[in-house]
Each structure stands twice: as C-alpha cells, then as structure tokens.
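Line by line, the protein sequences give chains A and B.
Heads up: the first sequence begins at 73 in this note's numbering, then just goes up one per residue.
Heads up: the second sequence begins at 87 in this note's numbering, then just goes up one per residue.
Heads up, some of the hints might be wrong.
Simulated crosslink set (PhoX-like; lysine-lysine; CA at most 25 Å straight-line) [claimed, not checked]:
no.	chain 1	residue 1	chain 2	residue 2
1	A	K102	B	K104
2	B	K174	A	K103
3	B	K273	B	K215
4	B	K453	B	K95
5	A	K444	B	K238
6	B	K274	B	K326
7	B	K95	B	K435
8	B	K435	B	K455
9	B	K104	A	K103
10	B	K129	A	K102
Rather than coming from a laboratory, the hints here were simulated on the basis of the structure.
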Amino acid sequence: MFEKGGKLEKFYYLWEANETFLFSPASTAKKTGVQIRDAIDLKRMMMTVVIAMIPCLIWGIFNVGHQHHLAVGETVAFFSVDNLLFGARWVLPIVLVSYASGGIVEAAFAVIRKHPINEGFLVTGMLVPLIVPPTIPLWQVALATIFGVVVGKEIFGGTGMNVLNVAMTARAFLYFAYPSQISGEVWTQLAGETAVDGYSGATALAIAQNTVTSGGNDVVAALGEFFSLNNMFLGYIPGSIGETSTLMALIGAVILIATGVGSWKIIVSVFAGAFAMGTIFNLADANAFMALPAEYHLVIGGLAFGAVFMATDPVSAAQTETGKWIYGILIGMITVLIRVVNPAYPEGIMLAVLFMNVFAPLIDYYVVEANKKRRLSRATV
Amino acid sequence: MSKILKLKKGFDINLAGKAEKTIADSPLSETFALKPTDFIGMKRPKLLVAEGDNVKAGTPVLYDKMQEDVMYCSPVSGEIVEVKRGAKRKILEIKILADKEIEYETFESFNVSDVNSMSREDAQAHMLKGGVWPNIIQRPYGVVANENDSPKAIFISTFDTHPLAADLAFTLNGEAEAFQTGISILKKFTEGDVHVNHNSDAEVSATFGGADNAQHNKVSGPHPAGNVGVQIHHIDPVNKGDIVWTVSPYGVVQIGKLFNTGKYDASKLVAVAGSEVSKPQYYKTFAGAAINKFVAGNLKQDHVRFISGNALTGEKVEEDGYLGFYDNLLSVLPEGDHADFLGWIMPKKNVLSFHRAWGLFSFLNGKNKEYVLDTNTNGEERAFVQTGTFEQVVPMDIYPTYLLKAIMSEDFDNMEALGIYEVIEEDLALCEYIDVSKHDVQEIVREGLDLMQNG
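Please construct the entire structure, taking both the sequences and the accompanying hints into account.
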C-alpha cells in the first residue's frame, strides 16, 4: 500500500520509519563493494546518546521536586517518591511535547522531501527538555523545538547538513524571544504555592553577577553554603532541568567516551579551556567574579552538560581531530569570558557553542588545508 | 634503503572458516571464463575469437580497442562455448570448455642471462603478446598499465590482510625462480626501485625474500597494512603527475614463467573459505574457474552468498558463476536477508563492530575470536554524521570524509589536493565497512577516479 504506485505512496517514509523501528531491515550488501557491514547504524549511535542523557534526566526529575519542596519549606529526602512524582508531573510533559512537536516537523519534511526520517531527532528531542527551566510554558517548548528543527536543521538540508546545534538553536530562540520565561527567577517550579520567606530562586551565576554589580568582593561567600562546590557538583541547585548536576553529566561523558560516540577530545578540551580562562581571570583579578576560583566555573551553570552533550554533536562540531581540540578549548574559554565579562548573559555556554558551531568549518578548513599543503610540498621534493 | 613501516591504524576482520593449508583432491572445473568487467579501465573490449573456436592456453581472446597491444589470453585450452552478453551487447563472460589435457601456445623462452641482458622493448613485446601484461596495474586509477609509461617505482605486496585472504607464501610456494625472473623483467621498466613489501609479523617466505634487483621493505599492522596503496603512501607516494605500477606476487610469478618456460601459465591455487564452507581449503585450478566444483557438496547450508574475492572488495557471483581474473579466493558467507525485531537496539555480541556504541559488545571478545558475519547491511543509508572514525582505519595522511565529499560534489581541485591519486577502492574499503551511515564508499571512490581520468 505504501510502495511505489500504492494508495499511500506519499507516506512511504512514514511507514518505513515505523517498520524499521520495529524490525531492522532485511537489506543485504550490493553485488560489488563490501559484502559485510558493521553492526552499527545511526539509530544505535543516536540511542547511545539518549541513554547517556538518562542520568541527567532522572536527576533532573528528582531535583525539580527537591527545589520545589525547598522553596515551599517542606523537608523531604532528595530521592523520595514525593520529589519523583512532583518532578515527573512537570518534566515528562515537556519531554513529550518536545518529541511530539519536533517529530511532526521531521516527519513532514521527510514526506515532502522524500527521504527517510533521520534519527538525529531522537537526541534533539531529549536535549531540549533538559536545557529549559521546569517552569517553561509547554507551548514555548513546542515553538522552540519547531524553530530549532526547521531553522537549525531543515533549511540546511536536514540531519548531517546543519551548521548549528539544533537544541542550542531552540534554546537561543527561547532566550531571545521569551526572555522573561527563561531568565530571572524561573528555575523553581512553585506550582502555584508560595515560597517561604527569605527564599531566593536565583542561580549561582546570577548571584555571582549580583555580587559584582552590588560592589561585593567575595563571590564564594555570597554563594554561601547552599551553592557550595560540593552541592553544585552533585546538583542540589536550581537551574535548567538536566544541567544542574555536573556528576550526572560526567556519567554521561563516561558513557559517550567509552562507547566512542562522543569525542573525548572535545569534552576534555571544553573543561580545560574553561579552567584556563578561569585561571587567567584569577590572575587579572579585576573584580569579584574574576576572582572566583577557576574550579567553580566547571560546576556552575550548564558548562558540564554543554561540554558533554552539546559541544560533541558531531555534525556541528569541528570534524578533524586537530580541529576538535581547538574547537573545544575555545568553547570553554568563551563560556567563561561571557559569564564574567558580559553581565547581560548570565550563562555563556549556549552562545559559546553556537558561536563555535559557526567557526568549526573554518577551523576544519585550515586543518585540511595543512594536509593539502603537506601533499603539495611532497610533490616538489 | 629498505624501510620498516609500523602502522597502527586499521581494523582486522577475523572471519570464521579460514582455508586450511591443504590442496583439495578435486576434479578441475569444466568451464572457465574471461570477464572483461574484471579489467576496470577496459573501455571497448573486442573479441578475437567466436563461439565454437578452439583455443590453447595463451591464445589471445580479447583486447581493448583503446589499448590494442595488450592481449588478454585464454587461461586454458579448449572450445569457446559461449559469449555471454548483457544490455547493449556488452560482453560479460567468454566461456571456455576446458580440455582434459591443457595445451599451451608456445612462446619464446629465455635463460637467466638472456633475461638479464634483454632490452625493455623486447621484454615489453613479449609480455604484451604473452598475456601477462594485465597483471601490471597502474596508480593512480588502479587500471591496467599503459605499456608506454615509465613508472617512478613498482610495488609488490607479498601479503594480503583482507578477511579470509589466501596465504601467498603457501599458494606460491616453490616459485622463487619465476618470482626472481619476474622482478628482473619489471626492473627494466623503471628508473626507480622495485619494492617488495613483506609482513614483519610473519616469517618471510623463501619465494619472495631472496629476490635480487629489488628493495625489500617490512610492514606491520592491522588491515589494510597489506594493501599496496597504503605501502606506496609511506614508501614513495603518488603525487600529481606520478605513475607507479603495482603487481601482485602471482602476477610477478606468471610474468617470470612466461620468460622461463615460454608458456602463459594461468594455473593458480585458490582458497575456498568462509563460515559456510564445510571444508575450507585450497584448490588447484586456472584463472577464471567456474565455482561449482568448489562448492558442490562442500556447503553447510544453501542460503549463502558466493563472493569472488574477499568480503570487503569482492564481487557477488552466482552458483554457476566464475572467479574473477585477479581473484584467488572464493568467500562463502551466509546471506543476510533477515529482519531482526528491534535489531537496531538489541545487544549484539557476535556481530563484529569497529564501534562500541550501546549494545555492541564485540570489542570484549578479544582479537582471536572468529566471527560468522552475514551480508545484512545492519542499517540503512543516512547522511554523514559521525566524524573521526574513517581516519582510524585509514593509515594514510588523508581525510577520507573530505575526499569523499569532494568526489560527491565533483570538485576536481579538491579531489586532487585531498589525495585521490593515492587511493583506489580497496584502500577505503574499511571505511565502507565501519560507516555508521552506510555509504557505498568504494563506489564513490571509483566515481572520483573515473572523473579524474576521463574528465
């Protein structure tokens, strides 16, 4: 029915997507060329990334509940059913909306353009919910995901052709189109209840900025016990759903690196770049934020999540091995630069990744040119 | 100056069913075929015989209108029983029913001092007429060499690292004299060196190790360390305008025999191997043998694929098909036309993968585990997504993805700058195997080479 000439020929690729989801295809190697093929395919590779994100998602669900109960003054254990139920109530709809809205766009483009549905969206659909605050209106999630998929990817020709990271494009869209829902004190889902006296929903980055603007001189003191290095590393802090826990991001990093799906060079170099830039600021020491010990930059905000899941997107990252080092280091450095120097943008990783996405082809260009030059110089010898 | 190469990059595909070093006691195939399609550069094949003609081993059967002096000769004596043609009367197979006793065309033979004092022109004329010229392959492009060229060097790889590859030290055992003659003849064609490259991880065979007039190099590493293209890249790379020639050890021996004995000797030992073969071993036959005698009663099951050549670069042939001109291996693998429930996420331990993505546990098995792999594609074609993996299986200073993209966009300048002259299909075959997005890498490489050669 869906085959060529069939009644629903138009929807062949929709049918094909479902079919290949249930059963891997029975296709065999061609007459010439390799007669055997590796066991991997793009679906499996993408699912590996999704699996690596699951620790972040689970932590995010508990933490949404945890932050809520803190804010309203109830004391519950972190890994409690209360936290789980409350978190799931707010997080799962975001995940569903993201997958559904993006999936519809993918399917529509596949049908119009007559190509198979690409698996890249399995990852994007999970990334978007993890980088938005739990208070985000669902319609904004849908709009941002559609924007990300269409403008970030489909106008360039679909998966594999995009210049920008799709999920980061979606988030940047939200950030600039609806700033009031994604900045300020939106990180705690109060669900209509009132916060206890003295509760502040500010994030560590906001506190650091405020310290500078209010003329304070010790960011670490301003962060206090609540934002201790330890708490920020583990992730008992407010923030976007999936990015609060550096530890969970690192577990994801271990999965990506062990499976070879994510580039360890990029992950390591983003952290290294951020630490280096933090250290340079420490030496400059011109204001309180610059004096913040460099290691704080590694656990604050979305750096770890961005380094592990955003910067490593193979399509939008640098593609040469030398290029990956340069690309990662610059992302780390620019992230810290934006955080410390530009008070308008409390978090730098989003813009740093997008910025370097644009420059990745240039980095690769010079790495590949060097290869060509080696070949040319050999010819004259 | 001999060189020692230690290559790190690459990937060994360890298939089950390697040929044991025994020679089967089996009747000779009844028919043999010469397939013009085995010669990649051949543009306008012309027949010199008709159905019903009788030929001897070494009788010219075919030539290319674009390269009229190179004769393609019958491997056996017998009767031309069929000229099989395809669309637009393209010649596909010239089938020869072999005599019980093979009769040979008589060519002139030479003793050692004649061979050494012979001029290039005389040697060339003898080789062209005697049917051994097609053994000489030219880089760039991987086509039969132009007899008027003088290559800057000639390369011979004495070992094959492809899956299930025949052991050349075994198949050419005792041919040291012919090998030496072949080297001495080839040396006349180049001002540079004749490079004979050995596997450092194995004992050097007496057939190849003692040859004079050659530079002996040693190469170690996983596949594609045995590929002559990879060796050329590290020893004396092909730059723009350069020409080098490559000859298989079998080809060198065949050239040597033509001069030593005056015969076009197309006899060879071929390996019949693969997980579906009951008794994988070697068979004595001639080039272009029908495969039916090798597999009749020698299979574990029916649903198999016959591959003339190895599993990475070979060609599927039917049960009544023939081995290719250059091939010394028949691989028999299970056909993989089965759909697997949730096959894209289920853990797989027994399917070899270069990758370690979720559920692919073959890396835990160690290097010595032998795999039964079928012909399933394990996924469908997608856009290029994963980066950095092709580079890990190509031990050359080349960016395969960039080269492939340059070919796909028909960007001549970039193809050249990115090293298209240095590769042929087999050098990037591993990329095709490991490709997450299932591209036909070898087909793309050939398109690029065709573009560069013919514009």
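Checked hints:
1. Between the alpha carbons of K102(A) and K104(B) the distance comes to roughly 23 Å, so the proposed pair stays at or under 25 Å and holds.
2. Distance hint between K174(B) and K103(A) is fulfilled; the C-alpha atoms sit about 20 Å from each other, no more than 25 Å.
3. Between the alpha carbons of K273(B) and K215(B) the distance comes to roughly 19 Å, so the proposed pair stays at or under 25 Å and holds.
4. The suggested pairing of K453(B) with K95(B) holds, with an alpha-carbon distance near 15 Å, which does not exceed 25 Å.
5. Annotation: proposed proximity of K444(A) to K238(B) holds, straight-line Cα distance about 22 Å (limit 25 Å).
6. Between K274(B) and K326(B), the direct Cα distance comes to roughly 23 Å. Compliance with the 25 Å bound is thereby established for this hinted pair.
7. About 23 Å separates the Cα atoms of K95(B) and K435(B), which keeps this hinted pair within 25 Å; it holds.
8. For a cut-off of 25 Å, the pair hint linking K435(B) to K455(B) stands: about 11 Å separates their Cα positions.
9. Of the pairs offered as hints, the one joining K104(B) and K103(A) holds, with about 22 Å between alpha carbons and a cut-off of 25 Å not exceeded.
10. The straight-line distance between the Cα atoms of K129(B) and K102(A) is roughly 23 Å, inside the 25 Å bound, and the hint therefore holds.
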